[in-house]
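Those sequence lines, one after another, are chains A and B. Per the UniProt record's numbering, the very first residue in the first sequence carries number 1; after that it's consecutive. Per the UniProt record's numbering, the very first residue in the second sequence carries number 1; after that it's consecutive.
Among the hints, a few may not be true.
For identical chains, the list gives no copy identity; a pair is met inside one copy or between any two copies.
[Claimed, not checked] Think about it this way: if two alpha-carbon atoms lie no more than 30 Å apart in a straight line, the pair counts; the simulated DSSO-like pairs of lysine-lysine are:
| hint | residue 1 | residue 2 |
| --- | --- | --- |
| 1 | K63 | K47 |
| 2 | K317 | K387 |
| 3 | K47 | K422 |
| 4 | K359 | K289 |
By construction, these hints were calculated from the structure, which means they are not laboratory data. For clarity, every value in this text was computed on a predicted model and none was experimentally measured.
Letter by letter, the chains look like this.
Number of protein chains: 2
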Amino acid sequence: MTTKEETDTIVYDEAHFIQMLKDNDTEVFRDAFLSLHSYDQAQFYEKVGPDIRKLMYAILSPKEMADLYEGLEVDDDEYESYLKEMNTTYGAEMLSHMYTDDAVDVLNELDNHQRESYLEMMDEEVAGEISELLGYAEDTAGSIMTTEYVAIPENSTVRSAMTILRKEAPNAETIYYVFVVDDVHRLTGVVSLRDLIIAEEETLIRDIMNERVVMVHVDDDQEAVAQIMKDYNFLATPVIDNKGKLLGIITVDDIIDVIDEEASEDYSKLAGISDMDKFDMNPLQSATKRLPWLVVLLFLGMLTANLMGQFEATLEKVALLAIFIPLIAGTSGNSGTQALAVAIRGIATGDLEKENKFKLLIREMFTGMIMGVVCGLIIIGIVYFWKGELLLGMLVGAAICCSIIVATLAGSFIPLLMHRLKIDPAVASGPFITTLNDITSILIYLGLATVFLSQIG
Amino acid sequence: MTTKEETDTIVYDEAHFIQMLKDNDTEVFRDAFLSLHSYDQAQFYEKVGPDIRKLMYAILSPKEMADLYEGLEVDDDEYESYLKEMNTTYGAEMLSHMYTDDAVDVLNELDNHQRESYLEMMDEEVAGEISELLGYAEDTAGSIMTTEYVAIPENSTVRSAMTILRKEAPNAETIYYVFVVDDVHRLTGVVSLRDLIIAEEETLIRDIMNERVVMVHVDDDQEAVAQIMKDYNFLATPVIDNKGKLLGIITVDDIIDVIDEEASEDYSKLAGISDMDKFDMNPLQSATKRLPWLVVLLFLGMLTANLMGQFEATLEKVALLAIFIPLIAGTSGNSGTQALAVAIRGIATGDLEKENKFKLLIREMFTGMIMGVVCGLIIIGIVYFWKGELLLGMLVGAAICCSIIVATLAGSFIPLLMHRLKIDPAVASGPFITTLNDITSILIYLGLATVFLSQIG
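Take these sequences, add in the hints, and give me the full structure.
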């Protein structure tokens with residue numbers, strides 16, 4: 001893990017830019033600023049306060065601001081406050097100039113009323129496209145696709161295709177794939193710019209296009225789309241409707257964001273947070289994000305306490321028993337979390353689809369048995385040499401061994417079951433499985449102890 | 001989380017292909033098979049056994065097999081067994097035809113002797129390039145870059161650049177960026193194919209190239225490279241040496257693999273597995289992967305037991321105390337894991353760099369206090385209404401409150417400290433922090449109980 005600190009080179013002088021803005025050196029600022037990459041422009045925009053940003057709105061055109069927004073990576077809720085800084089006509093024009101998928105991201109953050117008023121002020125055609133995109137459910141292909149692609153008819157030649165490409169190049173999100181459509185806009189093929197530039201000018205597109213297009217449906221889940229683009233190393237993938245009509249494309253940069261987002265999500269859930277904290281949240285906001293899980297687990301934990309209460313008589317007889325409870329519960333929780341992570345990651349990456357799930361469960365059972373026996377023997381040894389208690393050692397060892405086997409099986413069985421039931425298995429978060437395993441392991445341990453004590457006593 | 005199952009369409013008929021191979025229908029097989037995307041070819045190749053694969057080696061040329069290998073996504077150790085199925089000349093020729101970064105991945109899996117013998121049989125120039133790439137340390141930019149890029153001199157025109165592009169197109173890994181170099185091959189600019197096709201043919205490259213090239217150093221960490229490509233939405237990034245000479249490029253498909261790999265790694269560590277299981281491992285192999293962590297944590301857990309042993313007298317006096325231990329330890333572990341995940345993910349995504357780390361710790365302290373007070377009050381309520389024990393409730397509540405605060409602070413402080421000390425903070429895995437928090441929370445609880453009992457008794 002390395003950090004940006006170590007590799008970032010300073011690409012612009014922030015103070016200098018601010019000075020230019022304050023001094024009203026319009027042309028100097030524009031020349032220097034517009035030569036920056038949109039990501040660097042956006043970093044500057046994000047960092048300076050609203051006052052400086054207002055100077056920028058006065059100097060940069062809505063189109064130039066739309067380019068800057070390309071590079072912006074902020075929390076969604078910040079879009080609203082940025083828009084409030086601009087006058088509405090400027091904002092609407094900026095939105096018209098953005099790629100439709102990015103404009104949708106911004107508009108999604110506004111309330112219905114605001115959204116409508118922006119859409120009314122925007123270019124009618126763009127507003128229509130955006131309204132359609134706004135209708136797709138979250139996390140579907142439709143919600144992340146853009147409508148700025150290049151489409152050509154089947155009977156074009158390479159020459160006419162290149163002419164269309166040159167014309168569309170300034171507006172299209174990618175020109176590296178050209179999509180071939182029939183007269184009712186159904187997708188029939190794809191040609192890469194690589195193929196176009198090496199082909200003869202008179203060649204018919206029909207003759208060089210690839211007809212085995214890998215496409216996704218507008219309602220497909222964004223994770224499935226990411227998996228396909230990763231497998232096939234695509235830079236862009238076409239999105240179609242039920243009739244096979246081309247609706248838009250999804251580009252690789254959006255897919256990287258999806259992969260990142262989903263990894264964060266799975267990670268948060270393994271840690272028992274409903275949603276990852278942002279670093280600029282205040283303590284109350286971040287406590288609100290974490291408390292729900294913590295309280296649910298607290299009640300589950302009370303079940304454990306309640307369960308242990310049933311064994312109060314046993315615990316009163318031999319207080320020494322209690323000191324091994326955290327050890328047994330902890331070890332069982334750890335082995336369960338390991339098995340859980342393997343299963344969830346396997347489901348997330350799609351690797352598990354290729355394998356027999358029943359085979360995985362069998363393997364996990366044997367894995368659990370091996371780990372259980374090893375850990376059990378270690379514990380017998382430690383307790384014997386440390387406390388000189390062979391019987392207690394055997395009791396603790398047997399409990400650890402059984403707990404590990406049960407926990408490993410549960411850790412893989414539960415996510416597989418949830419996946420089968422079409423529930424996102426990642427919600428079977430680490431702490432949840434850990435708490436369940438607390439209960440079973442304590443039941444096993446104190447149950448064994450009670451039987452054992454009644455035998456010898 | 002969706003799976004491939006739901007979206008995959010069957011793109012080829014496996015049984016049919018196998019039949020063609022067995023029937024020796026060479027031309028029919030070649031026509032149908034070579035029209036598949038390399039990913040689909042590779043899926044077939046992976047699935048069928050060695051016998052069928054041997055028939056494929058007889059029918060497909062080393063170049064065609066190299067194309068298939070483009071789509072192959074197998075565990076690294078499988079490359080060796082595949083290579084063993086081919087005769088060495090065929091294998092060497094196939095390696096010569098692969099993109100250098102992919103050939104490096106394969107050759108890295110062989111022992112020194114085998115690697116050398118392949119390199120000796122390969123095309124001399126390619127072998128030289130590959131040997132150089134093999135020398136870069138794992139996880140650096142050098143280890144994932146490829147040397148198949150298009151470079152042109154500064155004084156070229158758009159026309160001559162396009163001629164070079166057309167010539168290089170079949171071999172270059174990407175032709176969508178053209179890199180501009182001076183007479184000693186130092187990188188001075190970059191032009192996208194998008195810019196080239198809209199420019200006039202006589203324009204000088206010097207006049208349209210972008211001189212603010214974002215580049216990475218050959219020794220940079222691959223995660224830092226991924227971060228840059230994600231921020232700037234690049235399809236490829238040039239890699240340079242100390243003198244600014246262009247050595248290779250890294251393409252976006254490799255970066256997606258890096259992002260995926262690193263997310264898996266962080267995830268595994270949060271779950272306490274040194275390395276994610278492969279699904280085709282046998283129980284002994286997967287137990288071997290998981291046991292080291294489990295045993296280390298077992299010994300840490302023995303510390304907990306030892307510590308509790310110090311409080312045996314207290315536990316003997318009030319056996320009821322023991323039943324809340326798993327609850328307190330569990331809750332403290334959960335809140336610690338939450339804080340840990342937020343800190344680690346923040347470091348991994350680079351978000352934390354922008355913020356003040358001290359501010360994060362202060363926030364986490366207040367977050368811990370809010371969560372501690374809420375959970376503490378809930379517990380007092382439950383114990384009072386369930387057991388009718390107000391004093392015990394207050395003891396357990398106070399212990400939970402303090403434990404949550406300490407655990408939340410530890411969960412964010414420890415990864416930040418490790419990051420400062422240049423240790424990968426992800427090794428402070430979930431189970432490790434959980435076990436540490438077990439110890440502190442039990443110490444707090446039984447410590448409070450002992451003081452309390454001595455006061456009233």
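| said: I'd like to know which numbered hints this structure contradicts. Please list them from smallest to largest. | reply: The structure conflicts with no hint, since it agrees with every one listed earlier.
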